[in-house]
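Colleague: Residue-level listing of the chains:
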Amino acid sequence: MDILTLSVIGALVVVALILVGLYFSYYNRIRMYENQIDEAWSQIDVQLKKRFDLVPNLVETVKGYAKHEREIFENVSKARAGLVSGSPQERMEASNMLTSTLRTLFAVAEAYPQLKANEQFKLLQEQLQGIEDKIAYARQYFNTSVLNFNNLITTIPGAWFAGGRSKREFLAIPEGERQVPKVQF
Amino acid sequence: MARRSFFDEQRRNRRDSILLAIVVSLFLFGLVYSFAYIFAPDALIFVLPFSLVLILIYTWGSYQYGDKIVLSSTGAHPAEGNEFVYLNNVAEGLAIAAGVPPPKVYVIDDPEINAFATGKDPQHASIAVTTGALQKLNRQELEGVVAHELSHVRNRDVEFMTFVAVLVGLVSILSHIILRWAWWGGAGRRRSRSRDSGAGIEVVVIVLGFILAILAPIAVALVQFAISRRREFMADASGAELTRYPEGLASALEKIKDNNQGKMKVDEAVSPLFISDPNKSPLDNLFATHPPLEERVKRLRQM
Chain A
1 MDILTLSVIG ALVVVALILV GLYFSYYNRI RMYENQIDEA WSQIDVQLKK RFDLVPNLVE
61 TVKGYAKHER EIFENVSKAR AGLVSGSPQE RMEASNMLTS TLRTLFAVAE AYPQLKANEQ
121 FKLLQEQLQG IEDKIAYARQ YFNTSVLNFN NLITTIPGAW FAGGRSKREF LAIPEGERQV
181 PKVQF
Chain B
186 MARRSFFDEQ RRNRRDSILL AIVVSLFLFG LVYSFAYIFA PDALIFVLPF SLVLILIYTW
246 GSYQYGDKIV LSSTGAHPAE GNEFVYLNNV AEGLAIAAGV PPPKVYVIDD PEINAFATGK
306 DPQHASIAVT TGALQKLNRQ ELEGVVAHEL SHVRNRDVEF MTFVAVLVGL VSILSHIILR
366 WAWWGGAGRR RSRSRDSGAG IEVVVIVLGF ILAILAPIAV ALVQFAISRR REFMADASGA
426 ELTRYPEGLA SALEKIKDNN QGKMKVDEAV SPLFISDPNK SPLDNLFATH PPLEERVKRL
486 RQM
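Here the protein sequences line up with chains A and B, keeping their order. Quick note: the first sequence, position 52, residue 52 per our numbering, numbers continuous. Whatever position you read off the second sequence (first residue = 1), add 185 for our numbering.
Rather than coming from a laboratory, the hints here were simulated on the basis of the structure. Note that beta-carbon positions come from the ideal geometry of N, C-alpha and C, so glycine has one too. Don't take each hint at face value.
Cross-link-like lysine to aspartate or glutamate pairs, in silico, DMTMM-like; alpha carbons within 25 Å at most [as the list claims (entries may be wrong)]:
id : chain 1 : residue 1 : chain 2 : residue 2
1  : A       : Lys-122   : A       : Glu-110
2  : A       : Lys-122   : B       : Asp-294
3  : B       : Lys-289   : A       : Glu-93
4  : A       : Lys-122   : B       : Asp-227
5  : A       : Lys-49    : A       : Glu-39
Chain B side only, calculated, beta carbon under 7 Å to chain A, not exhaustive [to be verified]:
id : residue
6  : Pro-263
7  : Asn-267
8  : Val-270
9  : Asn-274
10 : Val-285
11 : Pro-287
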């Protein structure tokens with residue numbers, strides 16, 4: 001073999017190595033973001049589940065003081081049922097509905113001074129507020145992860161290594177519904 | 186873009202931590218050397234390897250247990266119980282937004298509004314908030330403050346800053362010891378024992394030891410000054426990115442400005458960890474560990 005063939009082979013090997021390296025790096029990054037999206041969703045899932053478990057306690061506590069607000073209790077339990085089944089989008093919608101029915105519930109509670117003074121009620125209210133915030137933050141993290149993933153697989157060179165993956169959906173829910181807490185210590 | 190800069194920040198902090206470990210180890214070794222030279226010139230050959238090992242252990246220990254040392258030096262206690270559900274909720278929520286594990290939450294009993302974060306990595310991070318902050322800030326403001334601290338965690342500032350605080354803490358203690366020794370006439374006793382051959386060098390080493398001792402706190406202040414300002418601005422910005430509400434932190438900082446006297450009982454070495462300088466002193470204009478609050482509020486309001 002003469003020098004020319006050797007250097008051509010050498011150049012080809014270098015190019016192949018670079019391509020393989022790029023492939024590995026982008027493959028890993030795409031996988032990393034996919035995992036991050038899954039993890040982000042599981043964060044939301046955990047909070048939805050916690051909320052699901054917490055709502056009956058709240059309803060019981062309120063019932064102790066305000067038995068006749070039956071309609072609200074029904075709405076709350078209907079919205080609550082939607083938290084644990086269905087697609088992510090459906091469950092987020094149920095969660096949203098629950099947020100607004102809970103808001104009515106807390107508004108009603110304003111009319112019952114004894115209930116408002118109940119320690120258990122205050123704690124539940126704080127915990128639900130906390131969960132609501134966490135859901136909002138988890139959604140924000142989810143959407144950021146989706147954005148990063150979509151950016152990666154739709155721009156060059158990431159798009160070359162995306163292997164037919166399609167863009168992920170954002171969790172589109174109106175922002176700015178966060179409530180100022182009434183809880184004070 | 187945001188992600189890139191936060192990875193950059195992590196890398197930079199990692200590099201700074203390693204650099205710091207090397208510089209401080211060398212510095213300590215210099216101090217020990219002058220010590221050994223003064224007290225036991227004949228035993229240098231035994232003292233030096235021994236001290237080298239000790240310095241390595243010390244550096245490793247500062248890295249590994251720095252957060253515990255810092256937390257206990259500020260008198261922080263774990264935020265447990267119903268009264269702190271609120272604070273724990275805020276911290277957990279923001280940890281979710283930042284994509285880091287929920288930090289351990291601590292409370293400091295102090296009427297001033299302040300907070301800090303510490304820990305060697307996001308998996309072992311702690312956040313401490315004063316009771317004053319819990320009482321005087323509303324939820325958005327508290328979220329702003331906690332988000333600022335969590336950004337320090339995510340950018341791995343806490344790793345570096347805790348490391349500085351603890352390593353530096355010993356440097357000033359050692360310097361204190363040397364200075365005290367000089368004060369009580371140790372140098373006089375020294376002269377009688379000195380040998381003819383080493384007398385000249387000895388004086389040089391003693392002088393060097395004193396210079397180091399005097400320079401240590403100043404050098405430390407300058408290093409802190411250099412490291413803290415950029416990190417504080419970064420943490421303000423990425424904290425605002427987490428809450429999506431820069432005004433929360435801005436108004437918290439304004440409350441800090443109006444409320445705080447700067448009279449918390451906190452060691453100087455630990456003070457750069459706090460969101461706002463806990464000890465105000467006349468030297469602050471020269472060696473401020475924190476950028477002026479007005480400047481931070483202005484930048485937040487421009488976001």
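Colleague: Where does the structure disagree with the numbered hints, that is, which hint numbers, in rising order?
Modeller: Checked against the structure, the hints that fail are numbers 3, 4, 6, 10, 11, while the rest are satisfied.
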